[in-house]
Amino acid sequence: MDIKHEAPAFALIIATMSKGDHLLAATRRRVFLRSALAVAAMPLLPVRAETSVLRIGLTPVFLDDQLSFLTRWRAWLERRLKRPVAFVQRGNYREVLDLVRGGKIDFAWVCGYPYVRYRHELRLVAVPLWRGRPYYQSYIIVPADDAKSNSLTDLRGKVFSYSDPDSNSGYLYPQYRLTTLGENPTTFFSRNFFTWGHRKVVEAVGVGLADGGAVDGYVWETLAETHPALTRGTRVIERSPEFGHPPFVARPDMSAIELQRFRAVLLEMSSDAEGAELLHLLRLDGFVAGQPSLFDEIRRMAARVRQI
Amino acid sequence: MIALADLSLRWKIPLRVMGAVLGTALAVTAALVTREYDEMRQNLDAHGKSLARVLANTLVTPVLHDDIWRAYEILQSARDPTAIAPELQADVVLVTDADFNVFVSTRPKEFPIGSSPASRGGVYGRLRAALVKTKATEQQVIEPADSVHYFVMSPLVADGVALGHVILGYSKISFVPRFIGLVGQAAFVTLLVLVLILPFSWFWARRTGEPLVALADAMRRVPGDLEVARLADLPKSGDEIGQLGNAFRRMVGELKHKQELEDQMLVTERLAAVGRMTAGIAHEINNPLGGMLTAIKTYQRHGAGDPLANQTLSLLERGLTQIRHTVAALLVETKLQDRPFEPADIDDLLILVEAEARARSVTIVIESPLERALPLPATLLRQILLNLLLNAIAAADEGGRVRLGLGSGDGMLRFSVCNDGKHIPDEQMAYLFEPFASGREKGYGLGLWVVYQIVQQLNGGLSVDSEPGCTTFSAEIPYVEN
Chain A
-14 MDIKHEAPAF
-4 ALIIATMSKG
6 DHLLAATRRR
16 VFLRSALAVA
26 AMPLLPVRAE
36 TSVLRIGLTP
46 VFLDDQLSFL
56 TRWRAWLERR
66 LKRPVAFVQR
76 GNYREVLDLV
86 RGGKIDFAWV
96 CGYPYVRYRH
106 ELRLVAVPLW
116 RGRPYYQSYI
126 IVPADDAKSN
136 SLTDLRGKVF
146 SYSDPDSNSG
156 YLYPQYRLTT
166 LGENPTTFFS
176 RNFFTWGHRK
186 VVEAVGVGLA
196 DGGAVDGYVW
206 ETLAETHPAL
216 TRGTRVIERS
226 PEFGHPPFVA
236 RPDMSAIELQ
246 RFRAVLLEMS
256 SDAEGAELLH
266 LLRLDGFVAG
276 QPSLFDEIRR
286 MAARVRQI
Chain B
639 MIALADLSLR
649 WKIPLRVMGA
659 VLGTALAVTA
669 ALVTREYDEM
679 RQNLDAHGKS
689 LARVLANTLV
699 TPVLHDDIWR
709 AYEILQSARD
719 PTAIAPELQA
729 DVVLVTDADF
739 NVFVSTRPKE
749 FPIGSSPASR
759 GGVYGRLRAA
769 LVKTKATEQQ
779 VIEPADSVHY
789 FVMSPLVADG
799 VALGHVILGY
809 SKISFVPRFI
819 GLVGQAAFVT
829 LLVLVLILPF
839 SWFWARRTGE
849 PLVALADAMR
859 RVPGDLEVAR
869 LADLPKSGDE
879 IGQLGNAFRR
889 MVGELKHKQE
899 LEDQMLVTER
909 LAAVGRMTAG
919 IAHEINNPLG
929 GMLTAIKTYQ
939 RHGAGDPLAN
949 QTLSLLERGL
959 TQIRHTVAAL
969 LVETKLQDRP
979 FEPADIDDLL
989 ILVEAEARAR
999 SVTIVIESPL
1009 ERALPLPATL
1019 LRQILLNLLL
1029 NAIAAADEGG
1039 RVRLGLGSGD
1049 GMLRFSVCND
1059 GKHIPDEQMA
1069 YLFEPFASGR
1079 EKGYGLGLWV
1089 VYQIVQQLNG
1099 GLSVDSEPGC
1109 TTFSAEIPYV
1119 EN
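Protein chains in written order, with our numbering: chain A, -14 to 293; chain B, 639 to 1120.
Hints should not be assumed to be uniformly reliable.
[Said to hold, decoys possible] Just a few of them, taken from the derived set where beta-carbon distance is under 7 Å, the chain A residues facing chain B:
| hint | residue |
| --- | --- |
| 1 | V144 |
| 2 | N169 |
| 3 | T172 |
| 4 | R176 |
| 5 | V192 |
| 6 | G193 |
Derived by calculation from the structure, the hints in this document are not laboratory data. Just so you know, even glycine gets a beta-carbon here, dropped at the ideal spot from N, CA and C.
Start from the sequences and build out the full structure, keeping to the hints where you can.
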């Protein structure tokens, strides 16, 4: 169920409620904002309709909820690629993956876990550099006021929050970790739920809705810089080994020329002034072409977890 | 209570009106506050039920899909931390499953997922009991006395099956400031209205009480001080108080009239008594007096020429003669046979008093002189008028004037003599017509006595009216035309 699609309907229901409801005003404002953005985006489409639109799928492997950033990045990409670009966002990884696997979109920034699962279909384009290296970690976090829990095993029988079932750091790693500890991941926690985004895992753990959660270490560290109030509610109790950073992938039937052109643009990003500025907003240092072997560790974990 | 009952209407009426105004204001305020409170509660209930219903409907899918985060986001979206009306903001929202375990809540730390709120005991345990009692599809509002919250509960129903409940906990305390604000506002408006109304009410009530107070004041002066009572400023209106005022004025008028009559009668009776006694004494003196004078005359005519005896007898004779004159003056007797009173008699009177008038530079004015002779004894009338004129000239200021007015008709001669001298003091008025009552050094004080006696004997009436600058003696004497 996509939250964004349901929100207007929810607003309509609330609109029937009594006057003086401030909730109503707030909801309306949100709906209005969304409509305004849609209207603002519309004139751009027909102008560039002559050349085909390059469609790029995005997932919450980075902070994909920064609309102003996305607008700038899209403009930058359009200038570089000399063709219109559209970002495609969905409520979970699965939908974006289906789109790119089915060739409905051209590229997608996805997690290493689905990449290794569909590595025979998808084609690796580029891997981001974080702190100078194409690696990241998974963090196990607990609420900041929980001083007792110091490892994943301390969360037995608690409520645990995953980000997305197709996420490496937010799902696969904790599953793998429990498996290697000889635990059954499906019964280890009393309850678990998905928030469909790393940032929301931080929120859920921060307010105490979940007693623990698994989150993308890169996202957590970036949030710690940009939204310290969010991460302050959480405490990292475990850091995973390093895994290949979520890569850009291309649809199966992507031509080599186009793939190369897009890869070149990404690799050049750090050497361009505005590109570097955009990268800094993401707290990334650039992109490298990357090798599929970068994700061998994830593949190994996925194989281990699937055996159970 | 007695002190209150004795309080003047001057205060009692305004105080009662104030009381009525205050009472009304308080009653209206209380009614308004009660109404507002009810409305507020109804609004809150309606709002709570509505929100609970919306949440329940919206949460069915997340609960069915066990999507805790989604449910939590929905609860969060129903909150507005910057709400203007904080009492409309649910303090806590719980979503429970069919076993009354927490599915999700807005306070995850207080209500951990999967725990039973009933295990906290107290209020939440009773909520569960209340849920068990009612039908699965009904909304409920529960207000436990010992809780800081009151609760609106709405079932989560999918296809007729209860999945759990949405429980909205509203703070009773956040309700209090709004209510206090409401009471404060009502009190302020009431106070404002009172400030505007009270002075008017006070003034109006004082006005209502004033005539009664004035009437009571005037009544207190009856019968001692009738003149003040008569002149009191009493209400002049058509209502009961006005009628009372009129009746009072009438009563005082009649009382005064009666008192005057009594006074007059007293004077008349006294004068009559004095008259009878004087006549009796005069007769008793006259009889031996005549004999004594005759004896002296006889002795003088035939007696020896003893010079000492002659001198002594002569002295006795003059004394006795003086007594006779005095007695004669006291004993006014009407001579029935007399000539009629003519206009020429007035001229004679003027000549007689002229010397006196000139001596004091007093002008005599005659108004409407007599036109014809009247069948009244001229000698007596001349004496009356002469006495009155001489009195008036003597009383008039130096260079003043005396007015003589005459008139006749309907068998009645009316005349008045008026001077502009000092008025007769009240204490002298009562004894004015008695013999030897004169306030002056000159004369015996028999002038007015004689006038009074003659007027009485002629069946007439005599009155005096004296004010500063104008003292008038008036008389009416009846006559019978031939």
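Outcome of the hint check:
| no. | hint | verdict |
| --- | --- | --- |
| 1 | V144 | holds, 5 Å |
| 2 | N169 | violated, 18 Å |
| 3 | T172 | violated, 14 Å |
| 4 | R176 | holds, 6 Å |
| 5 | V192 | holds, 6 Å |
| 6 | G193 | holds, 4 Å |
When the structure is compared with the earlier hints, violations turn up for hints 2 and 3 and for no others.
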